[in-house]
Structures are given as C-alpha cells and as structure tokens.
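Peer 1: The residues making up each chain are set out below.
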Amino acid sequence: MKSITARRRHPLARYAVLFLALLLFGGGYAFLAPVGGKADASIAQGANAVDDIAEGKKIFEATCASCHGVNAEGTAMGPSLIGVGAASVDFQISTGRMPAAAPAAQMPRKAIAPVFELPLDQRKPGQPTIDTKKVAQVAAFIQSLGGGPTVPTDADVDPATGNAAKGGELFRANCIQCHNFVGSGGALTGGKHAPDLGKASAKEIYEAMITGPQAMPVFNDSVITPQEKRDMIAYILAVQNQPHPGGASLGVIGPVTEGLAAWVVGIGLLVLAAIWITAKRRQVND
Amino acid sequence: MSEPKQTVPKPIAGVSGYIDDRIGAGNFLKRNLRKIFPDHWSFLLGEIALYSFIVILLSGTFLTFFFKPSMAHTVYEGSYAPLRGIGMSEAYKSTLEISFDVRGGLLMRQIHHWAALLFVAGMMVHMLRVFFTGAFRKPREINWIIGVLLLTLALAAGLTGYSLPDDLLSGAGLRITEGVLISLPLVGSYATFLLFGGEYPGFDVIPRFYTLHVLLIPGIILALITAHMILMWVQKHTQMPGKGRTEKNVVGAPFYPAFMAKAGAYFLFTFGVLAGLGTFAQINPVWLFGPYNPADISAGSQPDFYMGFLEGSLRLMPAWEINIGSYTLPLSVIIPALVPMGIIMTGLALWPFLEQWVTGDKREHHVCDRPRNAPVRTSVGFAGITFYGVLWLLGSNDELSVAFDVSLFATTWFGRIAVIVGPIIAFLISYRICIGLQRKDADVLGHGVESGVIKRLPHGEFVEIHVPAREDVAAHLRGKKEIPSLEAPVDERGIPAPGVRGLIGKVRLTLNRAFRADDIPLEEGHGHEEEHKAIGAGSGHKADH
Ligand code: HEM
Chain A
1 MKSITARRRH PLARYAVLFL ALLLFGGGYA FLAPVGGKAD ASIAQGANAV
51 DDIAEGKKIF EATCASCHGV NAEGTAMGPS LIGVGAASVD FQISTGRMPA
101 AAPAAQMPRK AIAPVFELPL DQRKPGQPTI DTKKVAQVAA FIQSLGGGPT
151 VPTDADVDPA TGNAAKGGEL FRANCIQCHN FVGSGGALTG GKHAPDLGKA
201 SAKEIYEAMI TGPQAMPVFN DSVITPQEKR DMIAYILAVQ NQPHPGGASL
251 GVIGPVTEGL AAWVVGIGLL VLAAIWITAK RRQVND
Chain B
1001 MSEPKQTVPK PIAGVSGYID DRIGAGNFLK RNLRKIFPDH WSFLLGEIAL
1051 YSFIVILLSG TFLTFFFKPS MAHTVYEGSY APLRGIGMSE AYKSTLEISF
1101 DVRGGLLMRQ IHHWAALLFV AGMMVHMLRV FFTGAFRKPR EINWIIGVLL
1151 LTLALAAGLT GYSLPDDLLS GAGLRITEGV LISLPLVGSY ATFLLFGGEY
1201 PGFDVIPRFY TLHVLLIPGI ILALITAHMI LMWVQKHTQM PGKGRTEKNV
1251 VGAPFYPAFM AKAGAYFLFT FGVLAGLGTF AQINPVWLFG PYNPADISAG
1301 SQPDFYMGFL EGSLRLMPAW EINIGSYTLP LSVIIPALVP MGIIMTGLAL
1351 WPFLEQWVTG DKREHHVCDR PRNAPVRTSV GFAGITFYGV LWLLGSNDEL
1401 SVAFDVSLFA TTWFGRIAVI VGPIIAFLIS YRICIGLQRK DADVLGHGVE
1451 SGVIKRLPHG EFVEIHVPAR EDVAAHLRGK KEIPSLEAPV DERGIPAPGV
1501 RGLIGKVRLT LNRAFRADDI PLEEGHGHEE EHKAIGAGSG HKADH
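For the record, the sequence lines run as chains A and B. First residue of the first sequence: 1, per our numbering; consecutive thereafter. First residue of the second sequence: 1001, per our numbering; consecutive thereafter.
Treat the hints with caution; some may be incorrect.
[Claimed, not checked] Derived DEER-like restraints, expressed as beta-carbon distance ranges:
no.	chain 1	residue 1	chain 2	residue 2	range
1	A	214	B	1101	39 to 47 Å
2	B	1339	A	158	52 to 60 Å
3	B	1101	A	264	30 to 38 Å
4	B	1268	A	110	45 to 53 Å
No lab work stands behind these hints: they were computed from the structure. Every residue gets a Cβ at the ideal spot worked out from N, C-alpha and C, and that includes glycine.
With the sequences and hints as input, model every part of the structure.
Peer 2: What follows is the structure, encoded as structure tokens:
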C-alpha cells in the first residue's frame, strides 16, 4: 500500500490513470456498442426501408440490370434474382463476385467493384473499404422482390459461440468432398472448382451455406442448424489460421506437393551432393 | 585416376594383423577393405535408398514406443483443441499424441515419412541408372531381380505404413485397397474378409497392417538388401567406360579410406536432408485430416507419390464392367489396379532376360553402356518412364485442374490419350536423340573437336581446324560395344541356325535387327584429313588415324 501512495505522485502516474480510464471507457463501449449499433440499425431500417429499396433499385439498374434485367427477372446474361434473398446479394457483392466482369464457368472471388467501395474521404485505416450501406440497399431491393434468406447478424456468425471440434466433424461430413480437408479448395467437374476458404469471412461462410452459390448446395437451417453453422465457422477459421507445427505447410493440399518436395528438394539436393562428393576426388588426383 | 597403391595403409595392416593373429581372418579384411569402388556420381544414387532405410528403421523404432495399433474406440481429450471431444480410434489418438505430446514425436513422424518417400524415390533413380547403363546384364541379373522385389516391397511398406494412423486421408487409401481386393474374381470377398477380419473396416486391419509394417515387410527388405549388398560386393561394381577401364578391372577409390569417407559423408548428407525436410516441411498433418470415417471423403485425397500411378490409372479408366448373372466383374477397378502395375513390375523383372534373348549376348559385362549406345533399350526406358509418368501425373489431375485452371474432364481425356500415344512418341524421340548423339561421338573420334581456329585455304575457302579429342574423352567414347548379331549362323545351304528358326525365332531375329539398326560405327573416315594433322602436332596430341 505504502509504495502505491508514494508512487501516486510520480510524474507518470497521471498518464497511467488516463490510460486506465480510456481503457475502461473504450472496453465498455466496445462491449455495449454492437447491441446499441444494431438497435440503431433496426430503427433506421424501419424508417428508411422504403427509401433503401428505392435507392437499391437505382444502383441495381445502373450496375446489375444489364445482365439480370431491370426487375431482376433474369436475361440471357444472368439468372433471375427473384427469391434469392438479401444474403445472396450480400455474399455475391462482398466477395467481389458481382457485378460479374464477363461470362465464365464460374464467377471468381475478386476485389470489390468500385461502385460498392466507400468514397476515399470516408475510408478509415484498417477498416474494410466496402460501402455496406449501398450493398444493404441493393440487398433490400432484391429482398423486396421475392423474399429469401436474409443477411445474418454478427451474433449469428460469431465464431466464439461455436464449438470448433463439433464443427470439424460437420465440416468433414458436409464440405470437404469439395473444399478439401482444411478448405484449401478442390476441382469440380465442368471447369468449376470449389474455392479456397482462406479469404472468406465468418459472415461469408454463413451466407455461402444458406444461399449455396453456383455448384454449391444450400445448407438450410433444417439441414444444418444455425448453431451447427457457427460450429463450422469456428472450425474453418481455426484451422485456416492455426500455425503449422510441422514446418512449411506445402499448401495443405495433401500428398501431391509432398511428393514434389521429396523429388525436387530431397532427390535434387542428394544428387547435387553425390556430384559434389565424386567431383572432389578428380580435383585432388588429376 | 590413379591405380590403388600397393602398400596397405597402417590402420588396415594393424587391424587385420590383430584379427589375423586371433581368428585368422585378416586376409579377408585386408582384401575387402581395399576393395575398389568406382567414382561416378550416379553410382551413389542407390545409397540414397540404403541410408534412407537406415533412417526409417531408427525413426520407426522410436514411433513403435508410442504408437498404439488398435482400432478400439476412444474419445480425444488431448492438446489439439479442434479435435477435443471427438470419437476416434486408439491408433489415430496415439498418432496425435506422438505429434503433439511426445517430445520430438512430430519430428520423428515427419522424418519417418520423408525417409519413406526418399527411400522409394532413391530406389527409383538408382534403378533407372542401372537400367540405362545396362548394369543389369550378365552376371548381375539376380541383383536386378532383387531390386525389383525391393521396389515392390517398398510400395507395400508404404501402403501399410500410411494406413496406420487411421486418419481420413489414409482411410481413402484403405478403402481403395478394399475395393481392389473385393474386385478380384472368385477370391475377392474371401480375400477381403481375410484382411479385414470381417466387414470393412472392422477392428483387425490396423493391428494386422502393423505387424506387416514393422515386422514382416522390413524384415524381408532387410534380408534382400543384405543379399543385394553381398552380391554387389562379390560381383564388384560396374564402371563407366574410360581410360584404363576394362572388363577385368575396377578403377576408382579403395573402400578404405577413400570410399568409406565418401560413403560416410553421403550418409550424413542423406540424414541431413531428411532431418531438414522433417524439420522444415510438414508432411502428412493427420490432425488436419480428422479421424477416419468411411462416410467422409476429402477433395485432394491422394496417396503418397509412389502409389500415384495406381491412383492415376484408376482415374483414367472408363467405368466398364461385365455382368454375368448376379456376378459383376468391375473392370474399372481390376484393370487399373493390376494392369499398369503388372506391366511395369513384370516388365522390369523380365527385361534383362528379354534383352539377352534378343541380342544373344552371353558375355559378362562389367563396363557400362552409355545410354546412347543402346538406343532401343534407352528408348524403351523412356517409353516406360512416360507411361509411368502420365499415370502418375494424372493421379493428381484434380490438383492440376485447380492449379492450372483447366477442366477436370479435359485432363482425364488428355491422360487417356497420352498414356497410349505418349510412350510411342517418347520412344521415337529418344531413339533419334540416341542416334544423333552416337553420330556426334563418331564425329568427335573421327573428325576431332572444333579448335576455334579458323584457317583460310589458298583458294579462299575457310575451314575450322579440328583437333583430336583428349585421350580420356576418347577412351570414354571408345567404350562402346557392338551389339552381337544373330544373322551369322546360316549354313552354306542358307538354313538358319536353330535359334532363329520358326515363328519365335523370326520374331527374335527381327528384334535383334531392330536392336542393331542404325548403329553408328565409330572412327569414320572424313574429308579434310591434312588439316587435323597440321594442328594436331602443335597441340601435342597425336591424331588417331
Ligand atoms: C520398410 C520401409 C518403411 C516404409 C516405406 C515406411 C513408411 C511409413 C509411412 C509412410 C508411415 C506413415 C507415417 C505418418 O504418420 O506420416 C509409417 C508409419 C509408421 N511406421 Fe513405418 N515405414 C517403414 C518401416 C518401418 C519400420 C521398420 C518400423 C518399426 C520398426 C516402422 C514403424 C512405423 C510406425 C510405428 C508407424 C505409425 C506411427 C505414425 O504414423 O505416427 N516403419 N511408415
């Protein structure tokens, strides 16, 4: 006790107190913020829903209608979006798949289209640059056309509430035949492939399951409950991010790269060593 | 290349003297420690396999201390969080424990596995060296057969080994093994029940594989390696043709001390590479695969590389089957499982005898062929490599399809065509290359080496002056041996000798002609002879013609 009293007058004490106070407030805010934020959002949604849909329709007409039709009824260039739901829109745009660049067997994940990026002055360092409001507006428009799965909340996709071990079992039972055992991706027929899951966020994983993009089946809530989805998200994020105790991962795609390494590195080095060892002699004796 | 000195080094003299005084075997030691080993890098390739096997034995013994070969069900509560609370077999659980809880366990597992890969790869490159240099010819056929057996056993050792951890990936391999067994006509279901002790997967397969893996197969491999080494020692090494090298001598370094130092260093190299791979490159991360569950299968399920050609043939095969009554003969499994393996292994085993039959060559060979001087053999070798290579490559067609963004079906069709056309093309191309190289050799001997000196003749023509090849190079080139002909034995009435009569005899004769066709004779005469002499004298070498 005595020592604390003594140090209270230390010149740095003031800063320490300030730091503690900030930490407390900051932590407290972070703790409460998501709840408050969501409340705000839902209030805003109620009030602005009609505006949002109208705004979403505008963006849609400008960027998406060329392929999906003005009323999202579909054209030769792209399927009907009636009934695909907000989740599908959110998934497709936030993974950069939509708006599509050109027809292909499968729309690849790419950088988000400039239309859906925040203007430069609104970007914050270290934050994603996606304009969530615009995406939500387009999603609201599509949702208004024929319903469908809605965008999950942060709590819906929180990996902290999932059980990774259980998720691993579900993942092995449902996903690895296409995505490989840690989600490194794999080939499908017809020029398609199941992508590497390394870049997908918790929300995108959830949305992929409820919307089933392209060749991927839909895993709706009666097949896999929301809790099971969180278990899987917890597992995918855990194995994707865990370190590799055995050294370089070699791409975690199985024995193909291991064989390659054995031949190129193993046999390669040993052949060089053999040449070196036998060459040594000639220098000495000749 | 000095001949070994006649004086015996002191350590040998001392030791052999000591032993001689006691058990009278000193001479044996003296003789053998002075044994000569030729010095060519490709002669060390077999040692990769030998030393890897030593590493396998050591690391494998370590693994047996902790591995539990049991299919008994248990629940994991160990230190790898993403599997906690999951039901699995004792075998898988103990592998996880070796990986995460046993000190040095993961390193040992990885070294064991890398050593297994290098063991097989080492054998393969060694075998290719022996094949392409004709080192399998009389009197070494038996050692060649031993080699083929070793290669086959190594595949069996690998298969039983990587099945042991009972993880999801090796389970896929086990399932294919079962599929192949059960597809055998008549005996299929009995054989499967015998191996698995009942319905697949059952409880017996892991313990049984374990016994095979740590006892039976390594035991036989060890015995065969011993026989291989003894034969090699008794028959002595072959050597590349060269100056002072004949069928009667071996030129190189004595076993003690020179070769022993080299072999020791090479063991350390092998060990170092294996330890390096084991430390820095993750192999078979079973914790990521999860426990085996017959209902699950992962994309990218592949066997270890040495099984890749079987996987590839399975993937290439169209889905054919024959139905007789209630019996199904699944050709789509039997053919890819047995035919390519049969072609490759039987082909390897029979080749020395086939070649001997065709060439009628009953001579002993201790000097190797340079691959170009046996164009048919070399081209058959490359055709074989292509056949194997296409199957092997197609074993990973899904990874190729993703990595290079080509359609999966396209790779399959490419493979189906390439596996038949590829070897033919490879044969033709390597044949032409061999002939070209032979021409070049003949040119070097007959015509000399370009000296870089350009000379202008009185009438204005420019010629580059050639100098005779250096003595040791020339000796190396001149090591070429004629392939014997079967044509000779025709008596005065035009009746061929018994060996080439009848249908088989005709086939033999045709093959023999093919073997000898296009043989480029060395030392052909050439045009501007005088020019060589002019410069040859200056450089101190004497022209050969
Ligand atoms: C003869 C050549 C051999 C080959 C090619 C071979 C290959 C393999 C392979 C590929 C594995 C899978 C390793 C992994 O988990 O990644 C394995 C496992 C194992 N091997 Fe071998 N092995 C050989 C000999 C031996 C010997 C001689 C022993 C024992 C003295 C042994 C003991 C084991 C044990 C206990 C395992 C299971 C433990 C584990 O997977 O962690 N092996 N072997």
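Peer 1: In ascending order, which of the hints set out earlier in this document are inconsistent with the structure?
Peer 2: none
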